[in-house]
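**Q** Dock chain to chain to rebuild the complex, using the hints, since each chain is given by itself in its own frame.
Going down the list, the sequences are from chains U and L.
In terms of this note's numbering, the first sequence opens at residue 172 and continues consecutively.
In terms of this note's numbering, the second sequence opens at residue 159 and continues consecutively.
Just so you know, these hints were derived from the structure itself, not from any lab.
One or more of the hints may lead you astray.
[Stated by the list, open to error] Pairs of lysine-lysine residues, derived as DSBU-like cross-links and limited to a Cα-Cα distance of at most 35 Å, are as follows:
id, chain 1, residue 1, chain 2, residue 2
1, U, K544, U, K505
2, U, K450, U, K544
3, L, K302, U, K495
4, U, K544, L, K302
5, U, K341, U, K439
6, U, K492, U, K505
7, L, K302, U, K278
8, U, K492, U, K341
9, U, K495, U, K544
[What the hints assert, rightly or not] Which residues of chain U face chain L? A partial, calculated answer using Cβ under 10 Å:
id, residue
10, G194
11, S288
12, T360
13, L369
14, R396
15, Q400
16, I425
17, L596
18, H600
19, G601
20, F614
21, Q622
22, R626
The beta-carbon is built from N, C-alpha and C at its ideal position, and this holds for glycine as well.
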Amino acid sequence: MSTIAFPTPDPGILARRDGIVAGLRAILPRDAVIDSEDERRAFETDALTAYRRMPLAVVLPSTTAEVSAVLAFLNREGVRIVPRGAGTSLAGGAIPQEDAVVVGLSKMNRILDVNLSDRTMRVEAGVTNLAITAAVAHEGFFYAPDPSSQLACTIAGNIAMNSGGAHCLKYGVTTNNILGVTLVLLDGTVVEIGGDALDAPGYDLLGLICGSEGQLGIVTEATVRILRQAEGARPVLFGFSTSEEAGAAVAAIIGAGIVPVAMEFMDKPAIEICEAFAKAGYPLDVEALLIIEVEGSDAEMDAALARIVEIARRHGVKTVKESKSAMETAAIWKGRKSAFGATGRIADYICMDGTIPTGQLPLVLRRIDEIVKGHGLRVANVFHAGDGNLHPLILYNCNDPNEAARAEEAGNDILKLCVEVGGCLTGEHGVGIEKRDLMRHQFNEDDLAQQMRVRAVFDPAWLMNPAKVFPLDGRVAA
Amino acid sequence: MTILHQPGTEAEAATIVADAAAARRPLLVQGNGTKAALGRPVQAEAILSARRLDGITLYEPSEMVIAARAGTPLAAIEAALAAHGQMLPFEPMDYRPLLGSQGEPTIGAVAACNLSGPRRIMAGAARDSLIGVRFVNGRGEAVKSGGRVMKNVTGLDLVKLMAGSFGTLGFLTEVTFKVLPRPETEATLVLLGLAEREAVAAMSAALGSPFEVSGAAHLPEGPEGPARTFIRIENFAASVDYRIGELRTIAGAARTETLEREASAGLWSSIRDARPLAAPTERAIWRIAVAPSRAADLVAGLRRRLALEALYDLGGSLVWLAVPPEDDAGAAAIRAAVRSARGHAMLVRAPEPVRAAIDVFDPQSPAVQAIQARIKAAHDPAGILSPGRMYAGM
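If we strip away everything but chain L, and leave its shape as in the complex, we get (with noise of 0.2 Å):
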């Protein structure tokens, strides 16, 4: 039977861990649980979470910055930032279709698992607009890093450690970003017809304007219809018309659309989330992120071994491909062609036997392995946060 611990306090959730630790008892550390799939399956008998740790503690529209404490539903935080004509500025992709999961995902769970968007390219990832933290340490301590002014090197950057350690440095009790203003409108300059090759140069030559392209994707032909690239500008609504002109002189000959307002918000929301590729639920995701320059080769080489589909989110710094879940899901083809490629590949969703035999984040260096390994017990020496979510034995 699973014991579920819902703290309602940092302090109690200090105590909940500090029994843990000394019992050697590990805590499965989890929001709402809406990404429960992602990584390694935890051995553990009791849930810590967060969910009763819930309410925005700050937000200053005028300094750009929103605390919350870490159970807070990432939609509570997005409604109340859109009333004031602002956003997060990575976009945080949803899981839920991809996972087929329920219920609300929480902001605590944002920063834990680094979520980042098409948007990535030019406004980061959570951990780029994650500026402080509270979390417990696998000693059952309450500690703070970061704070909540956007500029602050003071001390080491814990935050950072934080941003993506899906739980197993520490129980998030509050979290603090920098936020942006919503963009005034956006457009989308879709091309039709590119082949591959030709998608990635159109999108690093949009990227690589001065046109502060926020998105650009690209959905190669399939049963759907003919291939699209799709190139995003979000700005005042003057700027979005001349520079969406601007830009269409790099699609060449290929043939042009635009999507405005609705229409273009709809498709990029499609593209966070990889909705493109979700059914069939049955196959595995793997979620691969390359320099844009090698993309293209890279999926071209996978293609000649395995049945996949592919999404290129370039803005996003990444190419998601469905491929068959047999065996090992395609994790030797596509460790090898990404290591080739210098790039990492994370299995998104594959059946729990796939991911607890194989390494669902790439395997590193014997020597980065060891400092990783080291963090890990500078933050729980019980070693009892989440064990085995990320890698064997850490």
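Only chain U is shown next, with the shape it has when bound in the complex (with noise of 0.2 Å):
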């Protein structure tokens, strides 16, 4: 795939490339600093794998200190900076380019503090989203956002692009679950934002740093919400022989007064992907699976499943499984998510991030199976059905030029439909390079405008992370 334009790098960075590497020698301790072509690649890309580029050179601090020399002396020197978590970004929001330092925050993955009565937490940045959970598991609590890649991805990024999960139906999704934030602005400045306490004075500058997409600053550190464990969770199958019945639903349940704290829907490729992965004991006869969750103490998960239960019967499920054992619930929650995983097993693919408002739901899954087929393509649909976040995945096959730039095509038709039908181009993996061309679909120049004037308050050059989430044309400096 070529479709998405890099700028081009400019030649007296490139130029400088030495004396660069040796600034940053001088403040870093030695095995910071990696220029070495080998070493470099490790870099060149994220999740997002069909676009590389390598970077100029990469360093990874230890400090908020390092972090702050690190950044001063590249603003002083006009070059442009990569911030990098663990580089599972879907949409090529870490992705570098050549004229670019990538600033990784892979070293700074400690546990600083657990607060258990206050439910509060602080992390070096780096630190895995997992890892929060398991430092207070055994005490009964855990970190609420819990994106697919959570074993892998880091707060840090989970902060740059407001990452969700399966269970931000009921627990909101990154920007509702941090409380503070350690940020390096570009001149090296290091500035608290929010901390345990809410209701920081002025503009919610913390709300405005989440999503921001590594274009503000580099976050260090971050102050999260821990939230006490449900007695028990338990997940239902809910196999349907249509989408539309088990869309109506999905609007019952929500209708009757029950938020599950997760609603995940599956379409029968992706059903069939999942199972063949995880042996999870999805139902391979329906057309649409329901993943709802459910917690509580096991009267109330009895209860509130006979109600769920009673209106998935009104909609005409067709199978109905409960998770009957600890092993059961993990094979479930393993089958969707490693639905990406799963997919890439059997075809290179691409996934969509777009969100409807979900009485959309029939109308814009028919569209999706008439575009990727138009294409000549085939879709697995997986996504979040209670807050229609969906993931169609592209399935396509990447040594073959034409097929992916098709793929690329129909996903860009994907997210155009989504817009048209009231929602956005991305839900929670954010817009990075992918989606940055498509921006002026949900936006006119004059909300663009407003958002690159908030911007240019943090960066008025563009250094940070410059060729992402804004269209490369028409940028505004102040």
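**A** Printed below as a string of structure tokens:
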């Protein structure tokens, strides 16, 4: 694939590479600067692997002070910067460019403080999402946002993309679960935003930083909210003959005043792919599957499930299968959370991330099918049914350039459809480079200019993650 | 004489703002003015009111989303939601009892003031449910951010900046919120006679339990009676009974009572609005956000220096203080204590000269203050939208 443009590398910066690397070496320990081509190669892409660019250099600082020194130096030198957590972005949010230095946070992975009585933790930003929960799971607590990549992805990346997950219907997304951050500004200034008390005075900078895709500064520490685990949790599989019935059941459940902790949808191709991988016991004779999870005591879960099953029956559910053990529960979630990985075993794919009003679901699923077939390709659909966040996986062969280009076109058409029906380009993966050139489908020039003016408050020269989020033309400096 | 602009459309509002920007004439941005006494007094000869921007523009109960023009009365929104068994999850407080104001609060102001309530810890504040805005910036341009779907990370989240900006970044014309089903019922466990430290420990234990406590508050002993600590559960009836029963174990030796349904709802609306502190009306009122574990020590320390009355709304992440209005209304002592407790203090009610003379919101570090000033300029380069409402010169 090659339809997404990268800016032409600045020859002046490329010519000064040795000096820039020497400057970085002067402010960082020996092993924190990576400049050999072999080692840099590990950083040339993220999870949008169709695109790759070799960065000028990579630095892996270990402290906020080091990050500050690096940014101050690169800002002085006018060198572009691409922040990186674990490099799991599906939108190309961490893909570098030839004239940029990657600032990776993987060494900053310590848990700094756990406060169970205030239900907060302070962590370094390179810690993985799952490591946060792992640090308090034995006390019965957890960190709520749970993107599928949670084993690898960092809280820094979660904050940059305002990541969601399967359980945000009840617990919200990253921005609802972060209380404070340490932010290093481009000039090296270190600022504290928020803290362990809510209601920080002034404009909501914390809310602005969440989802800012590494354009406003680098987050080096975060205070996160942790929650007490429910007494129990139980996912149930509901198989339907049509997607329409499954969609109507979701609407009726919400209409009945029930908000399950998760409601996940899979269509037949996705069911088959995930079942072959995870052996989760998904029914193979249905067209649509809902995984609905409820929480509480055993009696409470029984009561909630009785209500949900009753509603599902009214909407023609074919099979109902309740998890009977922790092992079955784990297998059910393993199947869903490995949907992307399992798909990757049978074909190359691009993963879309648009959100739609849930009432548009039947129309959108039908149109997605037409769009993808129209491009001569196949699609598997998994999505968060309660909130309308779709993840169509468009299957293609990456060794066939024509097919790759068609896959990208189909993806773009699907995202435009999401916007047309009242939704948006990205629900939780971020814009990155992938959706950058579609931004004008969702926003007009005044909308984008206002965002770019806010961006320019932090980075007037467009040095931070410069080729992401906003179309390359028509940029506003201040 | 004050000029009153009441645009009926976003386009009219944009023209009014563009003209004011060209003439560098400040506008006081308002809904119905019920919270006009919040923040610093604004010097403006003209008011830009949203009151004619009225009406719900979208309500899809099965998608849990509602949108309305900014001047729509909050009461109209709540009635429309209640008719479908839904609610605004963040339980926005009503400032009228504290501020002694009249009229109907608007939904736009709920967003602009980032209101919240005792369900804050569980459900967040207005910022957490606000998913879309339309506003006119200080250049007179209509701008959209966010949308009508609850998961949306497309572009910078200007929605969050608008929430709690008190009209200083833009004139909101339409707001979109995600909503939730109203719980079937509620009940409140009351623990009697706990000292403040014990009460905070009990509330923290309740909030850290698996029972989804949606309110935790404490009224210290006073002329009204013995100290009372309140723990709220909202859920299906069977769950409420079960969970209240389980929570009784954290009461220790304390005597307990249970408030059912209406009694519970009435109590929490009073706590939400800090009504126990509203009278006498001369007293200054502070709204303090602090981590629960430091709340009791903070209040105990201040009690040695000020004649104060406190209301703990820990589920709302707050401690409310009523203090004598004289001099700086306790600002020096409160700000110092709150700073060392790493919290924030907002002066909610005080005589106008006091509000003009001291910072209503906490002063910020110079680096953060500089960013805030530049964000203001990025929206409102002429500085005409409610200038000085939050900070002098901003």
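**Q** Each hint needs a verdict: does it hold in this structure or not?
**A** Verification of the supplied hints:
As the CA atoms of K544(U) and K505(U) are separated by approximately 29 Å, the hinted pair is consistent with the 35 Å bound. Distance restraint check for K450(U) and K544(U): the Cα-Cα separation of roughly 28 Å lies within the 35 Å cut-off, and the hinted pair is therefore satisfied. With a CA separation close to 47 Å, the supplied pair K302(L) and K495(U) exceeds the 35 Å bound. Between the alpha carbons of K544(U) and K302(L) the distance comes to roughly 34 Å, so the proposed pair stays at or under 35 Å and holds.
The hinted pair formed by K341(U) and K439(U) meets the criterion: a straight-line CA distance of about 26 Å does not exceed 35 Å. A threshold of 35 Å between alpha carbons decides the hint, and for K492(U) with K505(U) the separation of about 16 Å falls inside it, so the pair holds. Distance restraint check for K302(L) and K278(U): the Cα-Cα separation of roughly 39 Å exceeds the 35 Å cut-off, and the hinted pair is therefore not satisfied. At roughly 22 Å between alpha-carbon atoms, K492(U) and K341(U) fall within 35 Å of each other, so this suggested pair holds.
Only pairs whose Cα atoms come within 35 Å are accepted, and K495(U) paired with K544(U) is rejected, the gap being roughly 39 Å. With its C-beta approaching chain L no nearer than about 24 Å, G194(U) sits outside the 10 Å limit, and its interface hint is violated. Given hint, S288(U) at the interface with chain L, holds; its Cβ is 5 Å from that chain's nearest Cβ, closer than 10 Å. For the restraint placing T360(U) at the interface with chain L, the shortest Cβ-Cβ distance is roughly 5 Å, inside the 10 Å limit, so the hint holds.
With a cut of 10 Å, the hint placing L369(U) at the interface with chain L holds, because the nearest CB-to-CB distance is about 4 Å. Taken as an interface hint, R396(U) checks out: its beta carbon lies about 9 Å from the nearest beta carbon of chain L, inside 10 Å. Interface hint at Q400(U): satisfied, since its Cβ lies 6 Å from the closest Cβ of chain L, which is below the 10 Å cut-off. With a cut of 10 Å, the hint placing I425(U) at the interface with chain L holds, because the nearest CB-to-CB distance is about 6 Å.
The beta carbon of L596(U) is positioned within 10 Å of a beta carbon in chain L (closest approach about 5 Å), and the interface hint is therefore held. Satisfaction of the interface hint for H600(U) is found here, the shortest Cβ-Cβ separation to chain L being roughly 7 Å, below the 10 Å cut-off. Contact between G601(U) and chain L, as hinted, is supported at the beta carbon level, the nearest pair being about 6 Å apart and thus within 10 Å. The interface hint given for F614(U) holds, since its Cβ lies 6 Å from the closest Cβ of chain L, which is under the 10 Å cut-off.
Given the 10 Å rule on beta carbons, the hint for Q622(U) holds: about 4 Å separates it from the nearest Cβ of chain L. A hinted interface residue such as R626(U) counts as satisfied when its beta carbon comes closer than 10 Å to some beta carbon of chain L; here the least separation is about 6 Å, so the hint holds.
In the structure shown, a violation is registered for the earlier hints numbered 3, 7, 9 and 10, in ascending order.
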